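**Q** Residues per chain are reported as follows:
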Amino acid sequence: MNPMKTGSISAAFAHAKGERRALLIGYLPAGFPTLDESIELVQAMCDGGVDLIEVGLPYSDPLMDGPVIQQAVDQALTNGATPKSVLTVIKAVADRGVVPVVMSYWNPIEQFGVENFARELHQAGGVGVITPDLTIEEGQPWIAAAALHDVDPIFLVAPSSTNERIAKICHDTRGFVYAASTMGVTGARDQVSNMAPELVARVRQCTDLPIAVGLGVSNGIQAAEIAKYADGVIVGSAFVKAANAGGVNAVRELAQELAQGVRHGG
Amino acid sequence: MTTSEVEREIVIGGHFGPYGGRFVPEALTSALDQLDEAFHSAIADPEFAIQLSGLERDYTGRPSPLTRAWRFGEYCNDAHVYFKREDLNHTGSHKINNALGQVLLAQRMGKTRVIAETGAGQHGVATATAAALLGLECAVYMGEEDTRRQALNVARMKLLGAEVISVTNGSRTLKDAINEAMRDWVASVDSTHYVLGTVTGPSPFPEMVRHFHSVIGRESREQILAVEGRLPDAVAACVGGGSNAMGLFSGFIDDLSVQLRGYEAGGDGVETGRHAARFSAGSPGVLHGARTYVMQDKWGQTIPSHSISAGLDYPGVGPEHAWLHDTGRAIYEPVNDSEAMDAFALCSRTEGIIPAIETAHGLAGVIRLGKELGSDSVIILNLSGRGDKDVATAARWFGIELEHSESGISIELAEGR
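For the record, the sequence lines run as chains A and B.
With the numbering used here, letter number 2 in the first sequence gets 5, and the count goes up by one each step, no holes.
With the numbering used here, letter number 34 in the second sequence gets 54, and the count goes up by one each step, no holes.
Don't take each hint at face value.
What the hints assert, rightly or not - For lysine-lysine, the following DSS-like pairs were computed, each having C-alpha atoms within a straight-line distance of at most 27 Å:
| no. | chain 1 | residue 1 | chain 2 | residue 2 |
| --- | --- | --- | --- | --- |
| 1 | A | LYS94 | B | LYS178 |
| 2 | A | LYS87 | B | LYS318 |
| 3 | B | LYS131 | B | LYS178 |
| 4 | A | LYS244 | A | LYS94 |
| 5 | A | LYS87 | A | LYS244 |
| 6 | A | LYS231 | A | LYS244 |
As the list claims (entries may be wrong) - Some chain B residues well away from chain A (every beta-carbon gap over 12 Å; in silico):
| no. | residue |
| --- | --- |
| 7 | ARG42 |
| 8 | ALA47 |
| 9 | ILE70 |
| 10 | LEU124 |
| 11 | GLY130 |
| 12 | ASP196 |
| 13 | GLY305 |
| 14 | ARG311 |
| 15 | GLU359 |
| 16 | SER397 |
In case anyone wonders, no lab produced these hints; they're calculated from the structure.
All values reported here derive from a predicted model rather than from experimental measurement.
Glycine included, every Cβ here is placed at the ideal spot set by N, Cα and C.
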């Protein structure tokens, strides 16, 4: 496997690094509010300058998510979103030349079939999967299946993770390490937690992989702040809020603001 | 499968065969590791055992009696039916066993706040009680639908000084209360212990909650040997998450001659889709931190459960039950709302014991068991809770008018239900 091939996560981070800036990562759930509209929304994210898109797989019990994303995925499920919708949105992102990954709780992937999911995702152009409730201990079958189909398994680290655990997580993670900035669920916050720089520093000790910071980031100023010490900035709930408030235009404008932000951190 | 095989599987890394484990956000992993360590060090510490057994004796009122249900037994093919009277515990159900154990543990870990989820409200009341006793702050998450069904218990929790947080997302029942409690815990784990109320959730909860309820099985075993001079043919319990059943089963799991029988909520009937029959109509999946049997659609989305009993209205089940089911060591059957309510009425009128509606599912199972096992058989049912909290629901079911008159409530049971 060529780690730097075009369209891969590592290539995207390397490109951003070449421009002396952080990578901008945006999240929206597939099928929110409907499948067609969710495609338009992710395209607006692409057009606004998002480098990598996390396409959320809507799940009935998202225990890592705050109210904004909960309501969005409920709406998506009510409107019939399935893992197939996710694959459709993934393909739309890949077609725009932007790197697509999936964000999914574990049970939908297990029920889809671990290997089938990795294969179909790869065929649709998806290059990675973030699994917020899969521990590396339980994740070994997934890690093997993902490797087989050239999909990066992306795990999270948290401020409460011990250095020993961070080392284990970095060992099994591919693409980038997702650093949860705070102890809590998803949702825009006025201030990004001051635990994030310390966590990123601890992760740096363990790995050469790029590190992206998420949870609570909502504007360009925060993005710039994070870009000073992290390789990527992840924004989720703020995009959902923008979509609710002003549809594709608001999503594109937020993406533009954040894209400016990640260019002013260095 | 031999006993030693069962035991060995149970202890490996928080798994029960392929079930259990930990499917949680990374933020909770270190808290679960700490909890696991604190739990094992506590149960190895004689001081902790003395503290807990002292509370069980002087506060809960243990040991709970084992009552021969003579008249109810006549409707069970004259089987020797015994009730393990967890309804006589302080707070009215088995839930206090686990709540005291975990709140003591929380105190030992230096936590100042506990949170809990509750369905029927019994676990919420038990946790609020233990928190009041030991001086910890307490918040209880409860689905909005359940706060309506179990208004009495909401009032009890508030009187005990707990904050009751009504959960308005999802199906507004126990499943959603667990989601909210988990979300609280991720953000508050430094100061807060999550007193999970049943044998579900990520490791070490299933093992820990079973441990704190194992007193039920230990006492039952001694008591039945004293009165019958032999082991029972079967032990039975209702199964929501499965804590009262695991407590009773754990005393007999190594006695392979003793059948373990669990009764889950069949709701309107398994064929209607409105039920909580995880073993009859669910399949292995991951919910709330563990792999177990789950009611889910083909895409892995949780299907909302339904039961007249708030405490059994849950789409998942403890992972150890999943393993006992797969290995054949325990047998699980659904009991519909109407069959449970018939047993509820029968128990009330033959034994003078108004059971919780959860427990009534087990009572219905015992009627079936008596027919199956014969008139000389010995059966223990975990009478897991009393029915005070269910009076309004039962009154509606039986068409009893609740008159708020000076003379109290006039009761006339509608025939034929």
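**Q** Now tell me, hint by hint, if it's right for this structure.
**A** Status of each hint after checking the structure:
1. A/LYS94 x B/LYS178: Since the Cα atoms of A/LYS94 and B/LYS178 sit roughly 52 Å apart, the hinted pair is violated (cutoff 27 Å).
2. A/LYS87 x B/LYS318: Holds - the C-alpha atoms of B/LYS318 and A/LYS87 are around 12 Å apart, at most 27 Å.
3. B/LYS131 x B/LYS178: holds (21 Å)
4. A/LYS244 x A/LYS94: holds (24 Å)
5. A/LYS87 x A/LYS244: holds (24 Å)
6. A/LYS231 x A/LYS244: holds (25 Å)
7. ARG42: violated (5 Å)
8. ALA47: violated (4 Å)
9. ILE70: holds (33 Å)
10. LEU124: holds (24 Å)
11. GLY130: holds (16 Å)
12. ASP196: With a cut-off of 12 Å, B/ASP196 comes too close to chain A, as the shortest Cβ separation is near 8 Å.
13. GLY305: violated (5 Å)
14. ARG311: Answer for B/ARG311: violated, closest chain A Cβ roughly 8 Å.
15. GLU359: holds (29 Å)
16. SER397: holds (40 Å)
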